[in-house]
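If you read the sequences in order, they're chains A and B. Take 136 as the starting number for the first sequence in the working numbering and just add one per residue. Take 136 as the starting number for the second sequence in the working numbering and just add one per residue.
Take the hints with a grain of salt, since some may be wrong.
Only part of the chain A face toward chain B is listed, based on derived beta-carbon distances under 8 Å [what the hints assert, rightly or not]: (1) R153; (2) T154; (3) V155; (4) A163; (5) R213; (6) P217; (7) N231; (8) L241; (9) S242; (10) G244; (11) D263; (12) H267; (13) M268; (14) G270; (15) A289.
In case anyone wonders, no lab produced these hints; they're calculated from the structure. Ideal placement from N, C-alpha and C gives every residue a C-beta, glycine not left out.
Protein chains: 2
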Amino acid sequence: MDTNEYVVRPIGTVRATRTVAEDDGWDAVGSEIVLDPAVLTPDATLGLDAFSHVEVVYLFDRVVEADVCHGARYPRGRRDWPLTGILAQRGRDRPNRIGVTVCHLLSAGGLRLEVAGLDAIDGTPVLDVKPHMSGFAPRGEVREPAWAREIMSAYW
Amino acid sequence: MDTNEYVVRPIGTVRATRTVAEDDGWDAVGSEIVLDPAVLTPDATLGLDAFSHVEVVYLFDRVVEADVCHGARYPRGRRDWPLTGILAQRGRDRPNRIGVTVCHLLSAGGLRLEVAGLDAIDGTPVLDVKPHMSGFAPRGEVREPAWAREIMSAYW
Numbered sequence: 136m137d138t139n140e141y142v143v144r145p146i147g148t149v150r151a152t153r154t155v156a157e158d159d160g161w162d163a164v165g166s167e168i169v170l171d172p173a174v175l176t177p178d179a180t181l182g183l184d185a186f187s188h189v190e191v192v193y194l195f196d197r198v199v200e201a202d203v204c205h206g207a208r209y210p211r212g213r214r215d216w217p218l219t220g221i222l223a224q225r226g227r228d229r230p231n232r233i234g235v236t237v238c239h240l241l242s243a244g245g246l247r248l249e250v251a252g253l254d255a256i257d258g259t260p261v262l263d264v265k266p267h268m269s270g271f272a273p274r275g276e277v278r279e280p281a282w283a284r285e286i287m288s289a290y291w
Numbered sequence: 136m137d138t139n140e141y142v143v144r145p146i147g148t149v150r151a152t153r154t155v156a157e158d159d160g161w162d163a164v165g166s167e168i169v170l171d172p173a174v175l176t177p178d179a180t181l182g183l184d185a186f187s188h189v190e191v192v193y194l195f196d197r198v199v200e201a202d203v204c205h206g207a208r209y210p211r212g213r214r215d216w217p218l219t220g221i222l223a224q225r226g227r228d229r230p231n232r233i234g235v236t237v238c239h240l241l242s243a244g245g246l247r248l249e250v251a252g253l254d255a256i257d258g259t260p261v262l263d264v265k266p267h268m269s270g271f272a273p274r275g276e277v278r279e280p281a282w283a284r285e286i287m288s289a290y291w
């Protein structure tokens with residue numbers, strides 16, 4: 136392994152009703168995060184239920200390396216949207232294949248979290264779960280291009 | 136390497152005026168992200184300047200494995216705050232040592248991003264940069280415990 140590389144080990148797995156990646160309609164997906172007892176003890180989630188939202192860091196593990204974009208592409212292949220760098224969009228085929236989503240926490244008990252609004256399919260490896268704190272929300276006015284609002288119109 | 140492990144390769148490095156990890160006062164830190172031309176082409180940031188904020192995924196690489204918490208601890212060692220699971224706080228000594236912060240994007244040009252409000256020290260490996268889209272903001276009311284607001288009082 137290259138000295139410039141790091142090993143990550145999933146702390147758990149997504150269990151979800153959706154088994155194949157799709158672009159839209161994620162709110163219809165029921166999901167839970169099953170944490171790995173080989174990595175965490177049940178008190179790792181102690182106090183998490185005091186938060187309404189969690190940030191889930193996960194791996195788009197079904198994306199194969201050859202498909203990863205290292206430059207620019209059209210979001211969702213839409214030529215009516217601007218040609219956009221992979222770091223200026225949130226598509227799956229990105230270097231390191233990491234996804235980050237803030238979702239509702241419905242319940243937390245030991246090594247099992249029930250969530251709503253998680254855009255990850257069944258079997259997705261989870262790298263981290265963090266509480267969402269308002270102090271970490273974006274500060275100041277949020278500006279984004281028109282296509283970024285359009286791409287989200289049917290997402291949830 | 137275990138079959139349950141994944142390799143990540145930094146896409147770049149933080150260059151910052153702060154060289155040692157501290158808890159608070161991050162807004163005083165000037166920083167930029169220098170992206171690696173071995174991983175990305177300069178068009179990887181095309182269009183990023185249309186966004187006001189970016190989400191930076193990075194590694195707390197200075198945390199040694201033996202210090203990682205797999206259960207619960209007191210946030211910042213403060214015994215007047217509740218004993219809290221590592222997944223219910225945002226401390227550095229967490230499994231996989233991944234940090235996620237939304238910060239201001241000041242400029243983006245090819246493989247160099249100038250940012251403000253990034254809580255990462257000089258030399259921090261960057262795993263991903265994503266545009267912050269309002270469609271990915273937390274939906275509904277945000278609830279958090281009192282200590283989570285208190286811990287952020289001098290953070291920025």
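Hints, verified against the model:
The interface hint given for R153 (chain A) is broken, as the beta carbon of that residue sits about 18 Å from the closest beta carbon of chain B, more than 8 Å. Taking 8 Å as the C-beta contact cut-off toward chain B, the hint placing T154 (chain A) at the interface is violated, the least distance being around 20 Å. Evaluation of the V155 (chain A) hint against chain B yields a violated restraint, the C-beta minimum of about 21 Å exceeding 8 Å. The closest approach between the C-beta of A163 (chain A) and any C-beta of chain B is roughly 15 Å, which is over the 8 Å cut-off, so the hint fails.
At a threshold of 8 Å, the smallest CB-CB gap from R213 (chain A) to chain B is about 13 Å, leaving the interface hint violated. With 8 Å as the threshold, the beta carbon of P217 (chain A) comes within range of chain B, its nearest partner Cβ sitting at about 6 Å, so the hint holds. For N231 (chain A), the interface hint holds, the least distance from its beta-carbon to any beta-carbon of chain B being 5 Å, beneath 8 Å. Contact between L241 (chain A) and chain B, as hinted, is not supported at the beta carbon level, the nearest pair being about 12 Å apart and thus beyond 8 Å.
With a cut of 8 Å, the hint placing S242 (chain A) at the interface with chain B is violated, because the nearest CB-to-CB distance is about 13 Å. Given the 8 Å rule on beta carbons, the hint for G244 (chain A) is violated: about 11 Å separates it from the nearest Cβ of chain B. Against a cut-off of 8 Å between C-beta atoms, the interface hint on D263 (chain A) holds, since the closest Cβ of chain B lies about 5 Å away. Taking 8 Å as the C-beta cut-off, the interface hint given for H267 (chain A) holds, the closest approach to chain B being about 6 Å.
A cut of 8 Å between beta carbons decides the hint on M268 (chain A): the least distance to chain B is about 5 Å, and the hint holds. The interface hint given for G270 (chain A) holds, since its Cβ lies 3 Å from the closest Cβ of chain B, which is under the 8 Å cut-off. Hint status for A289 (chain A) relative to chain B: violated, with the closest Cβ pair at about 10 Å, above 8 Å.
The structure fails to meet hints 1, 2, 3, 4, 5, 8, 9, 10, 15 from the earlier list, while all remaining hints are met.
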